[in-house]
Structure formats: structure tokens, C-alpha cells
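Asker: In order, the protein sequences belong to chains A and B.
Residue 32 in my numbering sits at position 32 of the first sequence; the count goes up by one each step and never skips.
Residue 60 in my numbering sits at position 60 of the second sequence; the count goes up by one each step and never skips.
Hints were generated in silico from the structure; no laboratory data involved.
A few of these clues could be false.
As the list claims (entries may be wrong) - Result set (DSS-like, lysine-lysine): computed pairs, CA atoms no more than 30 Å apart in a straight line:
1) Lys-42(A) to Lys-13(B)
2) Lys-58(A) to Lys-68(A)
3) Lys-13(B) to Lys-68(A)
4) Lys-104(A) to Lys-42(A)
5) Lys-104(A) to Lys-69(A)
6) Lys-69(A) to Lys-58(A)
To be verified - Ranges of calculated distance between the beta carbons of each label pair, as one might list FRET restraints:
7) Glu-64(A) to Gly-58(B): 29 to 35 Å
8) Leu-20(A) to Arg-111(B): 29 to 35 Å
9) Lys-58(A) to Asn-30(B): 24 to 30 Å
10) Thr-14(B) to Glu-64(A): 42 to 48 Å
11) Lys-69(A) to Phe-69(B): 38 to 44 Å
12) Pro-70(B) to Asn-61(A): 32 to 38 Å
13) Lys-69(A) to Thr-14(B): 47 to 53 Å
14) Glu-82(B) to Ser-14(A): 38 to 44 Å
15) Leu-39(B) to Ala-1(A): 23 to 29 Å
16) Thr-17(A) to Asn-71(B): 31 to 37 Å
17) Pro-40(A) to Thr-14(B): 24 to 30 Å
Stated by the list, open to error - Taking beta-carbon pairs under 10 Å as the criterion, some of the chain A residues facing chain B (in silico):
18) Val-4
19) Gln-6
20) Tyr-25
21) Ser-26
22) Asn-41
23) Lys-49
24) Asn-61
25) Phe-63
26) Glu-88
27) Asn-103
Remember, it's a predicted structure, so these values are computed and weren't measured experimentally.
For glycine and all other residues, C-beta sits at the position ideal for the given N, C-alpha and C.
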Amino acid sequence: AQSVTQLDSHVSVSEGTPVLLRCNYSSSYSPSLFWYVQHPNKGLQLLLKYTSAATLVKGINGFEAEFKKSETSFHLTKPSAHMSDAAEYFCVVTHNPFSGGYNKLIFGAGTRLAVHP
Amino acid sequence: ETGVTQSPTHLIKTRGQQVTLRCSSQSGHNTVSWYQQALGQGPQFIFQYYREEENGRGNFPPRFSGLQFPNYSSELNVNALELDDSALYLCASSLRSLDGRAEAFFGQGTRLTVV
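Just chain A, with the same shape it has in the complex (with noise of 0.2 Å):
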């Protein structure tokens, strides 16, 4: 079965600061990874995902997300934070790759971004 945990429910950082967003998986299978962000009253957009090629990925709006095996990670990293930057983020395992095309996302719980000035 696939699990995901977001180790931080909330993370505050200042404007400039770098940002470290924790996401520890769980998958029978060699898993496609995804962080998604959603911004107040949207819906969610995607910034990177990660499926067995490169472990570096790099994603939109300066993201990127480095595929750790040994430790199950898959944080989520940018040097420098924006204001525009404040929002929910979510961790996303797939399902079963040998399920016959069966798409299901399955969510972390989340983690609010707060950017201050």
C-alpha cells in the first residue's frame, strides 16, 4: 500500500529565505512522486513530479524536489521565498503502477506556507 507524510503541518519562513517543505513516503512499488500547491480558494496546480527518471526535479516558480530511495523522501526546496509563495502544498504518491492504467493520487495531509516580510 502507499502512504505519504507531511512531516510539518505549518511552515513559516521570511521573505528571501530558503524553504524546506518535509515529505516522507511509502510505496510496494517504485512510486511517481508529485507536489501540488493550492492557493486560497483554487484549486491545485501542479509544480513538479518525479517518475524514475532524474532524482534532481525541478519544477515551476524556482521548486525543486530531490527523489531520496534510501530515506523515502521527497522534500520539496526553494532557495529563496516569494510572498506569492503563501499557500497549502500537498505531497502525492500514485497508486499501484501494475493496476492497468487505475490513476489514483493519494494525498498528504498538507502544509500551510506562511511567508512573512
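Given the coordinates of chain A, work out where chain B should sit on it, guided by the hints.
Answerer: Relative to the frame of chain A, chain B by itself:
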């Protein structure tokens, strides 16, 4: 913009009523999934449709049902509404991939309030 549109954006219903939510998939996508996001939680998978048939379901009762149409648009129907059904309902469209790794594109969601 993901190209996935949902309607309505907000809805208020009374306990016991029935509701239909609609989703228009991104052009070219043949698979649609529905998720329920309760306040302060991550989205939970309800079900997925491919070629107008349900091909996967999460831990939701049968009063949650759906349809997918030939143009790949979709509906989510909920009967006998309960207060706990109050949530943001998200539609996601994707291309079917046999390895299950397809990227999903989400709509803006429908905020359902049951009173």
C-alpha cells in the same frame, strides 16, 4: 489554467437532498477522477472513470455515483446528503497510462455546503 472546468463554483444544499456536480475535462484527456477535500485535509479519492465506466473507487458509499460522457465530461452525484459531505469537490483529468503514472490536471473545485 489547466483546461479543466467545474460547475457550479459554490453550492448550498439541505441535508437529505441530492446534488449533481459537473466537470469538463482538458481537451484530449480520456480519464476523469473525483476527489473530496474536507476543510483542513488533503483530497481523498472518490472514483475514476475511463471510457464511460468506473474503473476504480475509494472508500465512499454507493450514494456517491458518477457518469462520464462520450466527450469525456463528467458528473458527480451525491444522494441523501449528510452534513459531513460539506467539502471542496475536485475534478481531475488525465490521459490513461498503463503504469499509473499519468499526471492529473485539476479544476478549481466546487464548494458544497450542506446545512
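Asker: For every hint, state whether the structure bears it out.
Answerer: Here's how the hints hold up against the structure:
Using a Cα cut-off of 30 Å, the hinted pair Lys-42(A) and Lys-13(B) holds, with the two alpha carbons roughly 21 Å apart. Restraint check: the Cα-Cα separation between Lys-58(A) and Lys-68(A) comes to about 15 Å, which is no more than 30 Å; the hinted pair holds. Proximity of Lys-13(B) to Lys-68(A) is assessed by CA-CA distance (about 46 Å); at most 30 Å being required, the pair is judged violated. Taken as a hint, the Lys-104(A) and Lys-42(A) pair is honoured in the structure, with Cα atoms around 21 Å apart against an allowance of 30 Å.
Of the supplied pair hints, the one linking Lys-104(A) and Lys-69(A) holds, its CA atoms being roughly 21 Å apart against a limit of 30 Å. About 17 Å separates the Cα atoms of Lys-69(A) and Lys-58(A), which keeps this hinted pair within 30 Å; it holds. A beta carbon spacing of about 31 Å between Glu-64(A) and Gly-58(B) agrees with the range 29 to 35 Å that was offered as a hint. Checked against the hint of 29 to 35 Å, the C-beta distance between Leu-20(A) and Arg-111(B) comes to roughly 31 Å, which is consistent with it.
As the Cβ distance of Lys-58(A) to Asn-30(B) is approximately 29 Å, the hint placing it in 24 to 30 Å holds. Here the CB-CB span from Thr-14(B) to Glu-64(A) is close to 47 Å, well matched to the stated 42 to 48 Å. The given range of 38 to 44 Å is respected by Lys-69(A) and Phe-69(B), whose C-beta atoms sit roughly 41 Å from each other. Restraint check, Pro-70(B) to Asn-61(A): a C-beta distance of roughly 37 Å satisfies the suggested window 32 to 38 Å.
At about 50 Å, the beta-carbon gap between Lys-69(A) and Thr-14(B) stays in the expected band of 47 to 53 Å. For Glu-82(B) and Ser-14(A), the hinted distance range of 38 to 44 Å is satisfied, since their beta carbons lie about 43 Å from each other. Between Leu-39(B) and Ala-1(A) the C-beta distance comes to about 26 Å, which sits within the given range of 23 to 29 Å. Between Thr-17(A) and Asn-71(B) the beta carbon distance is about 47 Å. The supplied range of 31 to 37 Å is therefore violated.
Between Pro-40(A) and Thr-14(B) the beta carbons are some 27 Å apart, a value that agrees with the proposed interval 24 to 30 Å. This hint holds: Val-4(A) has a C-beta 8 Å from the nearest C-beta of chain B, less than the 10 Å allowed. Restraint check, Gln-6(A) versus chain B: the minimum CB separation of about 8 Å is within 10 Å; hint holds. Against a cut-off of 10 Å between C-beta atoms, the interface hint on Tyr-25(A) is violated, since the closest Cβ of chain B lies about 13 Å away.
Nearest Cβ of chain B to the Cβ of Ser-26(A): about 15 Å, over the 10 Å cut. The hint is violated. With a least beta-carbon distance of about 8 Å to chain B, the hint placing Asn-41(A) at the interface is held under the 10 Å criterion. With a least beta-carbon distance of about 6 Å to chain B, the hint placing Lys-49(A) at the interface is held under the 10 Å criterion. Among the interface hints, the one on Asn-61(A) is violated; its C-beta lies about 16 Å from the nearest C-beta in chain B, farther than the 10 Å criterion.
The interface hint given for Phe-63(A) is broken, as the beta carbon of that residue sits about 16 Å from the closest beta carbon of chain B, more than 10 Å. About 9 Å separates the beta-carbon of Glu-88(A) from the nearest beta-carbon of chain B, less than 10 Å, and the hint is met. Interface restraint check for Asn-103(A): the shortest CB-CB distance to chain B comes to about 5 Å, inside 10 Å, so the restraint holds.
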